[in-house]
Amino acid sequence: MKLLLENARVVDPASQRDGVFSILVVDGRIARIAKDIAPDGATILDLSGLCVCPGFIDMHVHLREPGQEWKETIATGTQAAAAGGFTGVACMPNTQPPIDSRSVVEFVMAQAREHGRVPVYPIGCVSKGQGGVELAEMGDMALAGARGFSDDGKPVASAGLMRRALEYSRIFDLPVIDHCEEPTLVAGGVAHEGEVATRMGLAGWPGVAEDVMVQRDILLAEYTGGAVHIAHMSTARSADLVRRAKAAGVRVTCEVTPHHFVLTHEAILGYDTNAKMNPPLRADSDRAGLLEAIADGTIDAIATDHAPHHADEKCVEFSQAPFGVVGLETAVAICLDRLVHTKLITLSRLVSLLSTGPASVLRLDKGTLREGADADLTVLDLDRTFVVRPETFLSKSVNTPFAGWNLRGAPVMTLVGGRIVHDARERSAS
Amino acid sequence: MRLASPHLLGIEPLTPDEITLILDTAEGFSDIASREIKKVPTLRGKTVVNFFVEPSTRTRSSFELAEKRLSADSLNFSTSTSSLVKGETLLDTLRNLEAMDPDFIVLRHSEAGAPHFLAKHGKTSIVNAGDGAHEHPTQALLDAFTIRRKKARIANLKVAIVGDILHSRVARSNVLLLTKMGADVSVCGPPTLLPRGLEHLGAKVTHRMDEAVEGADVVMMLRIQRERMKGGFFPTLREYAAFYGLDASRMKRAAPGAIVMHPGPINRGVEIMGDVADGDASVILDQVRSGVAVRMAVLYLLAGGDREAAA
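Chains as they are written, first to last, in this note's numbering: chain A, 1 to 430; chain B, 1001 to 1311.
These aren't lab readings, by the way, just hints derived from the structure by calculation. Just so it is clear, the structure is predicted and the values come from calculations on it, not from any experiment. Cβ coordinates follow ideal geometry from the N, Cα and C atoms, glycine included.
Interface residues of chain A toward chain B, partial, derived using beta-carbon atoms under 7 Å:
#: 1; residue: M200
#: 2; residue: L202
#: 3; residue: Y271
#: 4; residue: C315
#: 5; residue: V316
I would like the entire structure built from these sequences, with the hints used as guidance.
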């Protein structure tokens, strides 16, 4: 099985390649990249005017299976991923039961093999049952295929447990991903503590609740030598703490979500529960701080924190609504529109944030187009007009704050192991 | 002149002209209580559901009386008897209530934004009777009505609002209303009970009570909830009273002829001392009296009435 991708702009940050090349795929792997490749019996795919990048990896999604299949399943979540330009997703373990043992990791991987449109990289719990008390069998889960550890949805509140997790994770060199919120500072908050929450009468959730725990994790990573990854960072201060820690050589990495660098807490005005998420949308100065950290290289990955919830669950009083928004089918278009077309970063830097960066954090042998690598490819149309229409989502849930947004640039084709798993290219007249 | 919206969700969306319209209309309704027959036929044939998903005696009674004096039919629907405890969503409860074709729903709810939710999803005119820590517009209107009667104006008055500002919908609605009407408003409480960003609503913020009361024409005290002690906001009621209780000596700092207000129910000896609550400056019971007339005016105007035809 041979496939020849022709006439595309190939953007591969790992090899610093950015130009028009042909890519020959043989048996699911990249066989050759060169200016001119003879077809030699290969199926030809003309990608004129489009960009081919190493496949994007969303390192922070909630697939809800097992346990909450009315919100999302591994099948629907990975269909949404493929449509959104992602060739792989890391799924968070706050399922029911949580992914805290080999058997649940194996269940998720089996479901993904059977029903998944793109590969799924399970994240295992740090603690048994996400209870925050005893370590889960991290080693056994690592052997079964877990790519990192997190009690996501819940922070690792105990500094002592976090210390042990970071020490223990060194055995198998996988990151501990922390959802940073100091629970006694969050104290029931549902919106960023500040003018908007005060005006709306909502319980405030201060940015310092995140900053305190980010700094704690940095200090513990430095002390233990473990690798910590800060999930969905929402404050300018957190970004600055990571920036300084990286400069000091601490093993810390971090991710941001599109909604945190595009929206502010003003999006909740009118009590829009589709703008309610954890951590909350913050002040404009935070949004600006995150963009600065994206531009200067502090941020390692852009992840969606895709958090599907049924429309009925979101159609309640603001404080009662669950936290979370979907993101798989909007993230890439938002990044192109708000980061690349604004010239904040180059396309190559964006590709790093969406492929090379997350692959490196999760120790995946992905994120590059070198010869011999899996042919996981994301194809972009930088000028496609993309209107966010929740009714067309492949995800089971439509809880997006971006409905109706008009964006420039979109993913148009996704290949996993040389197989086309999504194709939304415009058909030519011929 | 009429109100622009069929709902009263808060003070925030009201213009100063609309606030004045409500207060002027309430003047017209205020003498009904002193008539032989305390009733007008204004809302005859209209149905009002008093939907209270949080305990309230004062506000509910006041609304109920306002409805009865306007000849509307009232239905009281409160948490203990509602199906909310059975796990029904607010949306489903709204649909059930609307199936009985009410003209108004007066909602008291523990969650901020609940009346906005009803207004968004329903077709009935919604009156916010207090939503979480967000707004309590009829309280602010009756406070303004009381102030205007006692001081003949609102503009340029110096007003101090003292107490648990963080959890208070009364404070928010009053800050919004009084600043819209040109008053000079200071809010005061322990820093643990002052919400962030409050200064953007137009009030001065201080934790020094003497500073807030100095030269004030109106001193508005808020009820302190015992539960806040457990939340670690202040150590004891005794200490709270020492720093933020209003006594006669503190009142001496206020302007000559200053009035003392409280939305009730008062905690004697905690946020307000008995001699002040019962003293000449106290207008606490005038506030309660004003409440009925103001709520009559609100219902009348939301039903599409204009001021000239009132009462």
